[in-house]
Amino acid sequence: NAGVTQTPKFQVLKTGQSMTLQCAQDMNHEYMSWYRQDPGMGLRLIHYSVGAGITDQGEVPNGYNVSRSTTEDFPLRLLSAAPSQTSVYFCASSYGQGTEPQHFGDGTRLSIL
Amino acid sequence: GQNIDQPTEMTATEGAIVQINCTYQTSGFNGLFWYQQHAGEAPTFLSYNVLDGLEEKGRFSSFLSRSKGYSYLLLKELQMKDSASYLCAALTGANNLFFGTGTRLTVIP
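These protein sequences, in sequence, are chains A and B. The opening residue of the first sequence carries number 1 in the numbering used here; numbering runs sequentially from there. The opening residue of the second sequence carries number 1 in the numbering used here; numbering runs sequentially from there.
Watch out, some of these pointers could steer you wrong.
[What the hints assert, rightly or not] Here are the computed distance ranges between Cβ atoms for each label pair:
#1 Q17(A) - Q79(B): 43 to 51 Å
#2 Q79(B) - T15(A): 40 to 48 Å
#3 A82(A) - M80(B): 18 to 26 Å
#4 I17(B) - A82(A): 39 to 47 Å
#5 L74(B) - P8(A): 36 to 44 Å
Treat the hints as calculated values from the structure; they're not laboratory data. The beta carbon of each residue, even a glycine, is placed where N, CA and C say it ideally should be.
Take the sequences, apply the hints, and build the full model.
The following block contains the structure:
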């Protein structure tokens, strides 16, 4: 099984550019989420989805958009990249609600100049 | 607000036992997760506690006291491969997972 697949693995952007980070899972999980991980700050929830067509904001949603048109895919869009969005981004999925263990992708390392 | 505290770094000897503590203050608490994260890799699930008490899973055990806002992860018979960061995370409500900054464990020979 591929599990949770994130693309790209690395990306460098210029300030003001837009970009979509892709996330796909093949486990038929209903719950998917996006986190960012910064040194000394731990993982912070950006957005999450409890099923196709349903999304909600997490702790740090500003500057990011998401959509969930299918069960498998949960892309994260940066509308106008800022240096403060330089981070490692992880996508995760789980079978049900938050009480289920989450399976994480390998991460996307994003640098914004 | 939400707050989770765990030590930043710990060092332990191969074959020994180490306890990593986590204290939390959250609203709508719905359980406590522990994840392991090796450097440059994704977090992987270790344990979930929602009721008070100790849960044992092989060399790893996790404890929760809801009244004290306290959890610990116990690692026995330490191996070099256990060198990693250990992330404590509190579930608030149905879907919001709030992570601590992690404890970096170094196992020495």
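So which of those numbered hints doesn't the model satisfy? Failing hint: just 3.
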